[in-house]
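Student: Note that the protein sequences, when read in sequence, are chains L and A. Numbering of the first sequence is given in the numbering used here, commencing with residue 18 and proceeding in unit increments. Numbering of the second sequence is given in the numbering used here, commencing with residue 93 and proceeding in unit increments.
Hints in this document: simulated from the structure, not taken from any laboratory. Everything numeric in this text was worked out from a predicted model, so none of it was measured.
Cross-link-like lysine to any residue pairs, in silico, SDA-like; alpha carbons within 25 Å at most:
no. : chain 1 : residue 1 : chain 2 : residue 2
1   : L       : 113       : L       : 60
2   : L       : 106       : A       : 324
3   : L       : 106       : A       : 322
4   : L       : 338       : L       : 310
5   : L       : 106       : A       : 300
6   : L       : 57        : L       : 114
7   : L       : 113       : A       : 324
8   : L       : 106       : A       : 319
Letter by letter, the chains look like this.
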Amino acid sequence: MLSMIAKRWSLVAALLLAACAAERSAGTYRGVALPTPLAKPAFTLTDFTGQPYDFAAQTRDKVALVFFGYTHCPDICPLHMANIAAVLKRMPAGDKARVATVFVTTDPERDTPQRLREWLGNFDPSFVGLTGSLEQLAQIQQMFGLPNATREYLNADSANYFVGHGAQVFAFARDGNAYTIYPFGIRQEDWANDLPRLVNASGEEIRRDLAAQAKAEALAATEGKASSINMDGLVVTQAVVAEPASLDEAAAYITIRNGLAQEDTLVAVAADIAVRGEVHETMGEGELRHMMATPTLVIPARAETKLAPNGNHIMLLQLKKKITAGDSVTLYLSFARVGAVEVRAPVVPYAELEKFLGLPGKPGK
Amino acid sequence: MSFWCSATGAAWTWQWRAYPGVWLFIILLAVGMWAWNRAGARAALKPQRPAHPAFVGGLVILWLSLDWPIGALGAGYLASVHMLQFLLMALVAPPLLVLGPSPEAAALLERPGRGYALVRRILSPLPALVIFSAIVLLTHLPPIVDALMASQLGSMLIDLLWIFAGFVFWWPLIRPVPVQPRFNYPMKMGYLMLGLMFSPIMFGLVAFLVYSTTPLYGVFELAPPLPGITAHADHQVAGVLMSIGAAVIAFTGLSVLFFRWNKVSG
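Same shape as in the complex, but just chain L (with noise of 0.2 Å):
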């Protein structure tokens, strides 16, 4: 009799608390889309055991995981590769198999065959380590649209240091392209509701779910429904969208204050008047200056970010209506640790740009 209470009781506890845990929907993909799908890069690189690993090859027709990191990391590479593990672990045999996780090393100094299969084997022992020439590794990361890893040394001790490096491990569908991210703060029920779906769907079939998703999020964001402004110390300011020449795109500016002990990274950006948005990175100088799009851009701890002419930027693409000096566009910014923040930009015309950035001189073009 007190058993059954004792269940009858739990339940409604159990209710109450999963009513209030249901975030999201299951029906949509938890990690990141990317604005265009990432093909998955060719590259050889020397495993655990020390023998060759061709990662296209290697990883054919599976779900291939990657993540850049170093095992002496303390915080963000463990959670990962221990959320992962986790869900790996509750996935059908068959499915699991399907799923290739590969720990590309940043720290080739310290992180020797030897130790990446013991601390990958600590998670799962099924994960591949792999390891280069820290040239071969920054082609890699660059090959990803990764900033290249770099060390922070934490006294004099040259033995003792942390590496910056991206926070997000890359999804490679079946069909080798990789259309979500999953940066730090995805948690192992997103990984649940992913990864199965990520295994048994087609590049297709993917494409349609997230775009059906994209489209349901706009509509939300443009209904005011979307997520409120999250600004656990971190800040936006300063934001503004040139008025642009063309009809079809423009560039928006921001300045982004991390005031966080820890890095966070904008994962993804989008615009009420736009069909799409994109964080892009100038490159080269002179002549040869270009721009690239970056899935990602990691904003440093304690530090001011700023989306600047000439810089990084905001591309605002396939204009949903004209916009001229005087209207507001509003941005959404999806940053890894601190969530959606939502900013209204005004329109100013290019002129003025350095009125509105506070920036030295006149932007150049």
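Fit chain A to the known structure of chain L by using the hints.
Tutor: Here is chain A on its own, set in the frame of chain L:
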């Protein structure tokens, strides 16, 4: 230096850290009790009694559960230590703290006035049980825990709510003020069982913590990991701790009540 323990996202180290807010809070509690007892003694025209040793014990337990390392580990690293904090702050320290006010100080609650009437109402068995259960539920809901534990003020709010809830829950069992003629020993035992042993809130939380396939709280799942402890196992330990801890405390309380009842009636 931080005022209060909270989830910081920094990797755990065994290097001692100071939390002056905790020390200030403990001092304020001690001074507050002294002032309450002094007011009671003055009103009764009696000399002030020294603090009850149990109250001092309650303060020590509170300090240990709020300060480094338990406070820091429970605020931002391990759900199991967070649960240990809950047990200490809401179920172990409060019955000792409740013994702090002298009879003269407790008698002050019988004074006329709206404020005193409200306090008496809150400290009555039914409202106390409802307040305790509501606070236990709210302060364990994942969205609330994840939102509050990341800030020092939020973390402090949860801690203070637990202490308040525990104080309110234990008061009617231990102090005869306000007088509750119908709240006899069998009723007290039922109250204790309903609040701790057969609480639907506790059962639900334990079930979710132990049987959920993914960790309940993001703040602990995404905290820098401690070697050898997975987030899932940590949550399961938290569930077991809540289940066994609450049962042991309830059983101890029931035993005390039973023997007192036996003594009184026979």
